[in-house]
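Fit chain to chain and form the complex, with the hints in mind.
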Amino acid sequence: MEGTKKHFFNDLSVMLGRSMRHISRSMDTIITVTIMPIGFMLLFVYVLGGAIQTGTDNYVNYLLPGILLIAIASGIAYTALRLFIDVQGGIFERFHTMPISRSTLLWGHVLSSLVSNALSVVIIIIVALIMGFRSPAGILSWLAVTGILALFTLALSWIAIIPGLSAKSVDGAGAFSYPILFLPFISSAFVPTESMPSVVRAFAENQPVTSIVESIRALLSGYSVDNDIWVALAWCVGIVLVAYFFAMRMYKKRV
Amino acid sequence: MQNHSIQVIGLQKSYKQLQVLKGVDFEVEKGSIFALLGSNGAGKTTVVKILTTLLKPDSGTVTVHGFNVVSKPEHVRQVISLTGQFAAVDEILTGRENLIMISKLRHLKNPHQVADELLKRFGLTDAADRRVSTYSGGMRRRLDIALSLVGKPQIIFFDEPTTGLDPESRIEVWKIVKELSDGGTTVFLTTQYLEEAEQLADQIAILHEGRIIANGTLSELKMLFPSPKVEYVEKQPTLEEIFLAIVGKKEDK
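Which chain is which? The protein sequence lines are Z and B, in order. Residue 255, in this note's numbering, is where the first sequence stops; the numbers in between run on with no holes. Residue 508, in this note's numbering, is where the second sequence stops; the numbers in between run on with no holes.
For reference, chain B alone in the conformation it holds in the complex (with noise of 0.2 Å):
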């Protein structure tokens, strides 16, 4: 039994001149939600997509599941199942039609039942026989995320999964991490919004030229820093809240 999903050793990658990763170490434990924070071109696509098989490391071992990505993908590719930044859907199949085309591709033995219970799960059912193309942004995302459940893989990636969503889709893109985590799936997502980290994840790391800089509970990072000063400062609620309060959404913090 080993208790780590992912495992990251020295991992190095380069793309021509440029080196993105100039030796990264992390482990994620199973079932739990850990969170990849940096800044915009910091590298955390590029430990995603060698992480889910789609590009090859130069130097390190990095082990998903137990297996290692370079020398068995294939067995990588039966646990996991990648989020990307942008909405990975057929545009001119129907949702319906999506989840079916992915059930069959991963050999389930009843495609129609599984896409019915996902179109129900991620409230899709009205708009199950349109046409993706004529979706919002916040429902192709939820679809996004049905196709990735397909199948009950058991480790997920997200890779900036609410980066241009709405307040309230990105509130219910973090429910769905949330509620994939208590059912045990572990759950690796990339963000660059610090909020983000600390409302879902269980273990932070901060990717930071091509090294781990920082890795820790949010608690653990906390103490990083000096001890807080007690300071009192009227709330004012922010415009996230006015908006919701005002289209009727309760947060769910």
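One chain only, chain Z, in its complex shape (with noise of 0.2 Å):
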């Protein structure tokens, strides 16, 4: 950020607005991002669902914070590719040479990564509310699983810059996501960790993702929370900072 400050509010909303038309201009890709999820939901509900024990009676709710997890993921993936194509494209050659606050040109993406995000997980929210989810947690529970689901969307997409940056190709901007998009998978989001063996339970417990699907769980049940928010809550923050820190520091040996 150079001397540009007093523009960076302005400068800001132009950028959001900027990647806003684009998200809503390719409305197909929150389709596709929410297709898998919600083929994931299907299939562990009405395929695998029934040897699974979870100890509730009810295996939507059960699954739906990993899914949410999942969805979020593979949205990441086209925040990655929007940057990507920016850089490749003439596009922000132009804006470097103009008098605007660089770091808005990140944001913008940061941002609208969020609303689509959002999107996805609203339509995936009505997706299992059909297929049964119910939930008898009240505003200040749905304010907070809102809250955590957005500070993990900005981790991951402040992890997104980093590949939209960096990339020599459109294949290598989304490839970064697969293994953020397993991780759901080796944690309590579908299978309670106890069913795991130890190496795995040890790996499956200590990672983001489980703290982070516990705690959804905890509020959308309406049970007290534990620890479980403030280790979501450290990790989210955490890799936040790690990631903007990077992607920052890769932004600016680039330009």
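The set of hints was computed from the structure by calculation and includes no laboratory data. No false leads were slipped in.
The calculated lysine-lysine pairs, modelled on DSSO-like cross-linking and capped at a C-alpha distance of 27 Å, are:
hint, chain 1, residue 1, chain 2, residue 2
1, B, Lys277, Z, Lys252
2, B, Lys285, B, Lys477
3, B, Lys277, B, Lys477
4, B, Lys271, Z, Lys168
Laid out in structure tokens, this is it:
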């Protein structure tokens, strides 16, 4: 950020508006992002679910937090892709020769990523409601869930900025999301971690997705949240800070 | 008061081991058209990128409109714009949206009015609300140049503005460049077409192997050669002239 701070919010709103137009003109990407998680949800509930012992009678309720995280993890691949296209095309060069606050070019993508992922999440929750998802959670719990999901999206979006800036090809820009997509499977998102072999279980219980899933699940079930929510918040904030630092450093090196 | 829009002294730049610019010096007068000639890979684009604050020089002093590009890049960016080799337009937005976006980023008061005027000036009014991805190459280039004129910058850089354009679009670009210069804007352009430099430039510099090997007006450069012999040759129309005659456009030479 250079001597253009007084225009930061003006520039940011222009960049966000631009990125939102891009998203609204490719609504198919939002559909694409929601199809796989919805497919998993159907598969787990109607095919595999009968054999999975989670100790609850409503498996959709158990499953939904993990499905939402998968949706976000696949949604950010498009965040990286949109940035990649900007970097490759001439438009970033034009922006860089103009007196505008440079970090807004990245923030525009990150904020529009929050909006587009929120849309995907809402679509999936509607499908889950049709499949029998029910929650006794009150407004405050829903707000807390929204907050955690937003923070998770923010963290992953800043991670997505790094391949968006550095990828050499379109495929490379999206590939980073696959390992992240896999994390929910090695967590308590689909089955309780108690059922896993000890090494896997140790990993599952100490990676960010488990604490995030457990917090959201507790909030949506109307249980009191324990320590998990603090662990989840610490992970999200930590990832945001580290990814932001590396993303900005890479950005400054590139330009 | 300083009469130079651009002043470059001892400019050097290397990419890893490869030394692209080995000490480049030149000056560009206010309101003139300056053409930097050179073959592919001569380093023309590198010069443009340094002048437009996209790249930092290794050594040398570069000032644009009196501001040092290294220590005062923000000030430089206030007075310049760049039309690069590849159209710097947003394909997903419409032509009008592109212009409004850039106007807002230049913090102009009436972005819609600015957009309308430029659309009209560049003959894009009918296509204004179509996405740029549907534009032809010539239309894209016109929009690209229109975007560079938003906010009336004092110095405009064109990096190979006509590469890949059809003859009609090329002549259109030449016309725009001349109009800009007539209006007092300083124009810095790079080209590999000798004819283009000859048509447009007040001053021509030739960049070769990292150095400026010749610099002057066209007539000064011509004096570097032995005086011409007079020969009588039947002048055949060039294919370009035939093409333009058939298409019905008048070449404004």
